[in-house]
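Participant: Residue numbers (numbering that gives the first Met the number 0), protein chains in the order written: chain Z, 0 to 376; chain W, 0 to 376.
These aren't lab readings, by the way, just hints derived from the structure by calculation.
Mixed in with the good hints there might be a few duds.
[As the list claims (entries may be wrong)] Residues from chain W shown here face chain Z by an in silico Cβ test under 8 Å; the list is partial:
#1 Val35
#2 Gly39
#3 His45
#4 Ala74
#5 Leu76
#6 Phe82
#7 Asn86
#8 Ala324
[What the hints assert, rightly or not] Cβ pair distances, simulated, as ranges:
#9 Pro236(W) <-> Leu373(Z): 37 to 47 Å
#10 Ser1(Z) <-> Glu51(W): 24 to 34 Å
#11 Lys103(Z) <-> Glu51(W): 41 to 51 Å
#12 Gln224(Z) <-> Gly77(W): 40 to 50 Å
#13 Arg299(Z) <-> Asp119(W): 19 to 29 Å
Note that the Cβ used here is the ideal one computed from N, Cα and C, for glycine as well.
Protein chains: 2
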Amino acid sequence: MSLPNSFRLLAADGTARTGVLETPHGVVRTPAFMPVGTAGAMKGIHWREIRESGADIVLGNTYHLMLRPTAERIAALGGLQKFTGWNGPMLTDSGGFQVMSLAKLRKVTEQGVRFKSHIDGAVLDLSPERAIEVQRLFGSDIAMQLDECVRLPASRDEVDRAMQLSLRWAERCKRAFEGAPQGHMLFGIVQGGDVAKLRRQSAAGLGEIGFHGYAIGGLAVGEPQDVMLAMIEEAAPLLPQDRPRYLMGVGTPDDMIEAVKRGIDMFDCVLPTRNGRHGHAFTRRGVINLRNARHADDPRPLDEESSWPPARSYSRAYLHHLVKAGEALGAMLLSEINIAYFQSLMAGVREAIAAGQFADFRAATKAGWAAGDLPPR
Amino acid sequence: MSLPNSFRLLAADGTARTGVLETPHGVVRTPAFMPVGTAGAMKGIHWREIRESGADIVLGNTYHLMLRPTAERIAALGGLQKFTGWNGPMLTDSGGFQVMSLAKLRKVTEQGVRFKSHIDGAVLDLSPERAIEVQRLFGSDIAMQLDECVRLPASRDEVDRAMQLSLRWAERCKRAFEGAPQGHMLFGIVQGGDVAKLRRQSAAGLGEIGFHGYAIGGLAVGEPQDVMLAMIEEAAPLLPQDRPRYLMGVGTPDDMIEAVKRGIDMFDCVLPTRNGRHGHAFTRRGVINLRNARHADDPRPLDEESSWPPARSYSRAYLHHLVKAGEALGAMLLSEINIAYFQSLMAGVREAIAAGQFADFRAATKAGWAAGDLPPR
């Protein structure tokens, strides 16, 4: 069954694409990086800075939010946007991935997954139908199907079983999503681990069911980058060309550039905020570790050409001091500097594709990272 | 010896006063509340929010900054303002109070205090001369004399000894401050514990030495409020009327209102940020504990009439959720909401004094706190 399409491709350059995705809460320019606001908040960043950084859309984690403050409470308070004050597009995952990584005593059956909350030990069930119900209570602009994501390495049989189960869950999610308000979207998720044939089977199966968009899941879970890229190359060509494609949980700037080259439109990752909290800055000269003593007396900014004011105005010496002293402001500044860098990278990608110069952009960007940081002063 | 006076009284209402203090980095409207940026940063607040909250001046802690990143490094990087990016007036304490409360193996002699750094165990000396040297390296707009602040309760002899020592250190600090650049100021500190006669002796002695301004120290260290206010009443009338008076480490909104009534012009305290990190909001209806379950489903803002946008726009339910989930954003929002409340209180105090309506303002403000929070919904 074909669903309405809110995605419009504006330009392609090879297999790289740029477009716009209309959601009930606004327009998303693609390729897009979605900052992760796990429990209804960005760690250490005000919402206005997320907006100013150039982010069109953010991601919320269903697992965390369904446990606390709960989906029913968020619905009673007017939905996730109203609750958080982020007045823009929001995608929520299905909760499945975090159930696997955070919850205790999880048990997967055909029906769904039963688990114990890591907060209070309550036993809860998450079925495909409940995953959709929860995300509709949130009022998510984009909901994700429930899937089972196996840890790699895993046997081929195990990967096959989880992929097939995820396909059956995809169908149930689609049925549960019927009657969702106009403009709200549901994405299916390609599984199949590191097995090319299973990835192709999953992508084709999801395309037959029909979704508003398609994610590729179960990657960036420790496998080498070439395996991840090979799996994208298997799946992407089999997904409907006119729908958005979202690579879940990815990734590093280099991962994103390579995935865009292979036709990916959307990304999410905790890397910019997590690494910011650990004193690492993503820049056009690669990753800079502000803990390093070489910065202690350095009056130069992180990047005098950054689009983000704090990356131009604060000295490396001050950022080094904040990180060494454990000051919250250090984590706050580096997290937002990193989010802004990811956004400026996506803006550059979009412009380059529109201009038919993606190959040059990719080469120049990688050359900048490879050249590395400024010499010490 | 009389020093140049950068303080101008604009109006008085009883013993309450309002004025302006000119510093090399800008004008401070008094009564003023100085947020505390211990180690060169506000905990969880961006500098621009400190500025937007209405703060004219902030305080830095010499003890922390002299240990890390060190005074010499800050000087080489252009001084505290340039280093931190706070482009406004800054007062630094002398380091003495934190040596007493944080350092290990401290030993007070006539010469100064020898202590072990709580960071790396290095043995350091802080003399009156070194305290001034360090603060001049910082480029502080207002430096404080080194003093000895005894813990209460203490014997009268002990309080007397520390007060007399502080007076001798005050003279040495004044000498060490000679030749400081135009417009930079040095404040003496009244000591004397809870002994009225010693407070009077200290205030009179400092007035004879002559400073740009005068602080009252060694209060708000656990004694009842009436003892603190009684000591202010002893000291304030003996301090030069045309100079600013600063009550160190104070305090609660009620403490500040009562101290303003008794002629105090400046305050500093970690309360708004520390209590913000613990989920407490200061409001015109008193202190609200956002951890309380009564807020979990409450869509109302903290204070719909607040001058600070987040206090009007975020629901109590969201703030409650952030606090319960341990999200950094909760501490960030409540810290800035509290700083903004302290600033709006000072703005109200200044206006009321200028209008000759301080008594009414004080009564109405206290009535608001006493009436308490809105009834639960």
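Participant: Hints first: check each against the structure and report whether it holds.
Facilitator: We went through each hint and held it up to the structure:
Here the hint on valine 35(W) is broken, as its CB sits about 13 Å from the closest CB of chain Z, past 8 Å. Proximity of glycine 39(W) to chain Z holds as hinted, the smallest CB-CB distance being about 6 Å (cut-off 8 Å). Contact between histidine 45(W) and chain Z, as hinted, is supported at the beta carbon level, the nearest pair being about 7 Å apart and thus within 8 Å. Look at alanine 74(W): its Cβ only gets to about 11 Å from chain Z, farther than 8 Å, so that hint breaks.
A distance limit of 8 Å between C-beta atoms decides the matter here; for leucine 76(W) the minimum to chain Z is near 5 Å, and the interface restraint holds. Because the smallest distance between the Cβ of phenylalanine 82(W) and any Cβ of chain Z comes to about 6 Å, under 8 Å, the interface hint for this residue holds. Look at asparagine 86(W): its Cβ only gets to about 10 Å from chain Z, farther than 8 Å, so that hint breaks. The restraint placing alanine 324(W) at the interface with chain Z holds, with a minimum CB-CB distance near 5 Å, inside the 8 Å limit.
Between proline 236(W) and leucine 373(Z) the CB atoms are about 59 Å apart, so this pair departs from the stated range of 37 to 47 Å. In this structure the supplied range 24 to 34 Å is violated for serine 1(Z) paired with glutamate 51(W), their Cβ-Cβ distance being about 50 Å. Between lysine 103(Z) and glutamate 51(W) the beta carbon distance is about 44 Å. The supplied range of 41 to 51 Å therefore holds. About 43 Å separates the C-beta atoms of glutamine 224(Z) and glycine 77(W), a value consistent with the hinted range of 40 to 50 Å.
In this structure the hint that arginine 299(Z) and aspartate 119(W) lie 19 to 29 Å apart at CB holds, the actual value being about 27 Å.
Against the hints set out earlier in the document, violations occur for numbers 1, 4, 7, 9 and 10.
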